Every structure is written in structure tokens, then in C-alpha cells.
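> Read off the chains here:
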Amino acid sequence: MASIFDILGPVMVGPSSSHTAGAARIGMIARQLFGRQPEKAAVYLHGSFAATGKGHGTDKALIAGLLGMRPDDMRIPDSFQIAQEEGMEFTISPKDIREAHPNTAQIIMEAEGVNTMTIQAYSIGGGRIRVCKVDGIDVDFSGESNTLIIRNVDEPGRITDVTGALSKARINIATMQVFREKRGGSAIMVVETDQVVPKETMDELQSKEGIIRVKFLHAN
Amino acid sequence: MSYRSMEEAQERCEKEGIEFWKAVQMEDGDERGVSEEDSWKEMKHMWHAMLDSLDSYDPELMSGSRMVGREGGLMDAYRERQDTLCGDFMAKVMGNALKMGCNNACMKRIVAAPTAGACGVVPAVLVTYYREYDVPEEKMVEALYVAAGIGQIIANRAYLAGASGGCQAEIGSGSGMAASAICHVKGGSTAQIGHACAMALKNLMGLVCDPVGGLVEVPCVKRNVGGAFNAIAAADMSLAGIESQIPVDQVIDAMKEVGDKMDVSLRETGAGGVAGSPRAAEVVARMNMKS
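Sequence order for the protein chains is A and B.
Heads up, the first sequence is in the working numbering, so the first residue is 20 and it goes up one at a time.
Heads up, the second sequence is in the working numbering, so the first residue is 1186 and it goes up one at a time.
What the hints contain is simulated information worked out from the structure, not anything from laboratory work.
Since this is a predicted model, take the numbers as computed values, not measurements.
Even glycine gets a Cβ: it sits at the ideal position worked out from N, Cα and C.
It is possible that some hints are incorrect.
Stated by the list, open to error - Under 8 Å between C-beta atoms, here's a sample of chain A residues computed to sit facing chain B:
#, residue
1, ALA21
2, GLY33
3, THR71
4, ASP91
5, THR110
6, SER112
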């Protein structure tokens, strides 16, 4: 359900809420999931993003998002220049992604000392987006709520670890989704919470065996 | 739960003796769990963003395709010669609608209302009125609640995206929102706010979304003028005591039915309408050559 500020708003850099504001948001969420500014980013555009992206500044907006700019940042038109100044290398190419939403972007992010990360997300209009793949595993979240994203080994007890730690910190779970690559392989939990997850809880989860990586996105 | 109909909203207004804008604000507070003060602050931020965007217009700037950008400046210059057909106020409305449309096409900051392509309609009507007459700013923030509340009902019953329902859903909805908002500023009742919206929507029903090259430029920028003029006409009719014979909720439902029947070539695909004209094909070929 759209709030009145989805109707009147967002405040954004034009020309298109789906192709510009949504694209900036995809870049921004990807950066937050990666945890830092990538040193190298390979951006792939699918469908309408590939066909009309240039005229809508989709390319500039995605790079702006990766640089940490929000959809209303006036520097979006100059993002290529700014990426160069900040030493972020990037490529942008069209790519046909099977069965993807028409406004889909795939971003591969690299930086020294951290694992490479691949994000796939699509823009649904009004500046809103859904992230649909993290490192090839299907997920589904918007980043509009507080969101805890956990990479773990697909084995018994890991969900209890997470719900237990959240319960201890008096954090209410709004929604919870679990996804896995294959049985016993790599899995992802996406937990939307009513409260902000504090650093102690993050550290506690990160220290547990079988939990590979913990990321928290503040509602934005 | 936001209002699913104007009828439902109007009932609440009558029962609780409140104005429509207040009913919208209270619902926003309930839905998002925010205080009335915080909600008001956020809406005031939207208002200021509209004022700032209009002031940021640069008549020298052109869009990447070079199809649009100068229209706001040309209209200002024409108005200053005091020889317009429509009079000074309406010429200012026209200029402001063009400026916002151009700002959007030129990657400047705007407020989607309800979409980026239709971002000029609401500020063209409200900001022009605010700067022309001595109205307290609070009244304009209230008017934005009215616009947002109307847009929300349209979103709940139909849609606001050109890809879903054609331009009637974007410029049409923007026009309905602006008509209701300015009707409130002029002291219209909740019933009159509804009639203003209904008449504005009916006048633009069936409008197709046919952007040349898929870009939010042609005919989008100038359609903001159409939406703004239509909003003022609908609000004035309503304030004159003219009523829509079809209730606004049923007009919105009809708009959805029309949108559902609209061919996909006329829903933001850049294929039909003026986007399918020979000149549009030339423009697209020229753009492809450049890139």
C-alpha cells in the first residue's frame, strides 16, 4: 500500500522515478549490502533499462548510487566524473537476463580484501525497488524497512540463532524469509525488523559458527 | 488503511467535523506510526522542494536529446510582453508547468506528483497561486495533503503509472490532485474537492502515454500545461457550484476501465501516438547515432 509520500514524492533528480530514482536506489542499496564503496563495479542493464536507460540517465543514477548518493542528489548527472575522481572503476553494458523484470540491473562489486558480491534488483516505479538476487541466490526485499541480511550455512539451528539473538535484544520481526542455493550449501535469511538491530547483536551473530556474513540496512 | 474511496473519506469528515486534508493527515499518522507534527514537517519539506525546484530552472539548459529545456524561458519572455491570450496569471501557471517539466527532463531535482513526468501540474497551480496572492504557507501544506489524499484514492482504485493506464493516470491524476488542492485553498468543501477532481479526471480521460523515444520529454513537458489549465478550470467550475454528475469514485473506476482497454503501444512503450510518428523515428535515429 502506497503512503501519501509515495504519491507526493519522492523528491528526486529527474527524469523518471523508475529509470532514474529507482536506479539510484538500486546502486545505493547494492553499496550498503556490499558494506563499502566498490573499487570496481560491473553494471548490467536488462530490458527497458538497457533500451531507454541512457536517455533517462539510468547509467549515471546507478553509478551515483554506488558512490553513496541518494535519489535526490544534485550530483547524479556528474556521477561518471565523480567516480573517476574517487577511483571507482566501472563498466556498464546491456545484458539479456532470462525472465527478469523489464527494469532490472545486475551489479558485480569488487574491492581489495573483501569477497566479490553480485546483486540483482529491479525498479517497480515511484522510486521503489526490489532486490531479487544476492550472489545468485533468490531473495525479495525493498530496503524500505530495517532489514537484516544473513549469509549462513544451510544447516539446523541457524534460524534459531538469529531469532534468539533478536528476541534477546527485544527486537520484533516484521517479516522473515529464508532462501538457499542447495541443501547443505549457502543460504540467506532476510529479516525485516521493527527496531534497529544494535551493533552488539550484529557482533553476536557474526561470531556464531555457520553464520558467514551479517549485514544490516537501516530503513530508508 | 488509507481511504479506498472519496465517499469513505467524506463520511469521516462529516462524522468528525474535520476537513479533508486533516482526515488524510490523521490516516497517514495511523498508517506509518508517525506523529502529526512529523507528518506535517515532511509535507512542508515537499512544499519547499517544489518552491526550490521552480527557482532552480535554468533557461539555457537543454535535455540530453536537445528536444526540450528552453520552453519555460520562452514563456516568461512572452508573458513579460503583456500580450498573452490567457492573461498574466494563467501565463505564469503555464510557465511554471513548463519549467518543472524541463527541470525533470534536464536531470534537476523535482518532486514526483504523482510521477516525475507529471511533476509540473501540482506546483504550477499551487506555487503560482501562492506567489500571486497573499496566502499563508500553512494553507499550501494543507493543500498538498489534499492532493496526496486524492492521489492515494486514485492509486487504491486505479493506478498512477503511464505504463499501467496511459497518461490519464499520470497527467490526468496530477490534474485531479491539483484541482482538488486549489479548490481547498479557495475554501471549497469536501464535496467540492471531490467534484473538482471528478471533472478534471473526466476531461483527460483516455489520454495516452506516448513518449518520443521513451523519454520523459515529448509530449510530457507540455502536457503538464494541459494538466494545470484543466485543474484550474475544474476547480473554478466546482467553486461556481457546478457538480460532476458522476461521483468521483465512479469516475476513477471508469478511468481504470479505460486504461485496461488501452493498447500496450499507448502505454509508455514509445511505440504509438506521437511516439509512432515519422518525426519521432527521425529523432530516435539521430539519438542512436550519437550514442
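> Decide, hint by hint, whether the structure agrees.
Hint check:
no. : hint   : verdict
1   : ALA21  : holds (5 Å)
2   : GLY33  : holds (3 Å)
3   : THR71  : holds (4 Å)
4   : ASP91  : holds (6 Å)
5   : THR110 : violated (16 Å)
6   : SER112 : violated (13 Å)
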